[in-house]
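Novice: Sequence:
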Amino acid sequence: MRVAANFVVPQLKCNVSSEEFSSKIISSVAVRRPLAIPAASKVYGNVLCHSGCVVKTTTGYYVVKYMFDNFVHVNRCNKYIPGKNFTFQGFLWIHDDPNSSYTKKKVTLRQFANGMVQLMKGHNFNTFTHNCLQARYLTMKKFGMTSVDPLNDKRCIFLQGWFDFYSKKYWIERKIKEI
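Residue numbers (the working numbering): -9 to 169.
Quick caveat, the hints were computed from the structure, so don't treat them as lab data.
Please note that a few of the clues may not be correct.
[Stated by the list, open to error] Between beta-carbon pairs, the in silico distance windows are: (1) 66 x 92: 16 to 26 angstroms; (2) 68 x 14: 16 to 26 angstroms; (3) 84 x 57: 13 to 23 angstroms; (4) 1 x 26: 19 to 29 angstroms.
[To be verified] Restricting the straight-line Cα-Cα distance to at most 35 angstroms, the calculated cross-link-like pairs of lysine-lysine (DSBU-like) are: (5) 96 x 74; (6) 131 x 14; (7) 111 x 46; (8) 111 x 14; (9) 94 x 111; (10) 46 x 96; (11) 3 x 131; (12) 46 x 69; (13) 14 x 69; (14) 132 x 95; (15) 14 x 74; (16) 14 x 95; (17) 94 x 69; (18) 74 x 132; (19) 69 x 131; (20) 46 x 132; (21) 3 x 95; (22) 74 x 95; (23) 3 x 94; (24) 131 x 111; (25) 69 x 132; (26) 69 x 95; (27) 46 x 3; (28) 3 x 74; (29) 14 x 96; (30) 46 x 14; (31) 131 x 74; (32) 132 x 14; (33) 94 x 131; (34) 46 x 131; (35) 95 x 131; (36) 94 x 14; (37) 69 x 96; (38) 69 x 111; (39) 111 x 132; (40) 96 x 3.
The C-beta atom is built at its ideal place from N, Cα and C for all residues, glycine as well.
Generate coordinates for the entire structure from the input sequences, incorporating the hints supplied.
Specialist: Written out as structure tokens, the structure is:
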């Protein structure tokens, strides 16, 4: 597969072909993984985590996420099976929502990714304010999909981060080989 460069957009890293990038979205589901910090490598908390979404299109499954480099990343996820936790890029990803959310709008993967870029323009990636969760939630909402709302936490971010780290409820033993 040849990755085309004719659709390059600032703040977007797209590792898919132009045909895949133009494919129609069928559904999306919110997913999360632990942070790439050794002390929190098994924590899947409300704040201490990294979030993205798995987007199902007419050509397959793709992970769309807002990353530390202030770019939206789009990557094909060949091993994704709906409803099952999955390993991707060395991390075990879990589902925030038990079911996928469907859109009634005609949306392409390109429009979805560009929508996330537009929403996050001018907002630097910030682990402490967990804006990767906000990027995922607001992008899904923009295109008529629903998911867990990270903006509606009952605790302040600092307290929730402390609770995430020290509460075993948010720890998941990794079943994959440590990298």
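Novice: Is it true that the CA of residue 3 sits at most 35 angstroms from the CA of residue 131?
Specialist: 22 angstroms, holds
Novice: Has the given pair, residue 94 with residue 131, been kept, meaning a C-alpha gap of at most 35 angstroms?
Specialist: 12 angstroms, holds
Novice: Starting from the range 13 to 23 angstroms, see whether the pair residue 84 and residue 57 falls in it by beta-carbon distance.
Specialist: Since residue 84 and residue 57 have Cβ atoms about 18 angstroms apart, the given range 13 to 23 angstroms holds.
Novice: Between the alpha carbons of residue 46 and residue 14, is the straight-line distance 35 angstroms or under?
Specialist: 9 angstroms, holds
Novice: Note whether the CB distance of residue 1 and residue 26 lies within 19 to 29 angstroms or breaks it.
Specialist: 20 angstroms, holds
Novice: Does the alpha-carbon distance linking residue 111 and residue 14 stay inside the 35 angstroms limit?
Specialist: 24 angstroms, holds
Novice: Is the hinted pair residue 46 and residue 96 satisfied, with a Cα-Cα distance of at most 35 angstroms?
Specialist: 13 angstroms, holds
Novice: Quickly compare the C-alpha distance for residue 69 and residue 132 to 35 angstroms and report which way the hint goes.
Specialist: 27 angstroms, holds
Novice: Within 35 angstroms, alpha carbon to alpha carbon, are residue 46 and residue 132?
Specialist: Roughly 17 angstroms between the alpha carbons, so the hint for residue 46 and residue 132 holds.
Novice: Starting from residue 111, check that the Cα of residue 46 is at most 35 angstroms away, please.
Specialist: Roughly 25 angstroms between the alpha carbons, so the hint for residue 111 and residue 46 holds.
Novice: Take a quick look at whether residue 3 and residue 74 sit within 35 angstroms of each other, Cα to Cα.
Specialist: 26 angstroms, holds
Novice: For the pair supplied as a hint, residue 14 and residue 96, confirm whether the alpha-carbon distance does not exceed 35 angstroms.
Specialist: The given pair, whose Cα atoms are some 7 angstroms apart, holds under the 35 angstroms limit.
Hint compliance for this structure: no hint is broken.
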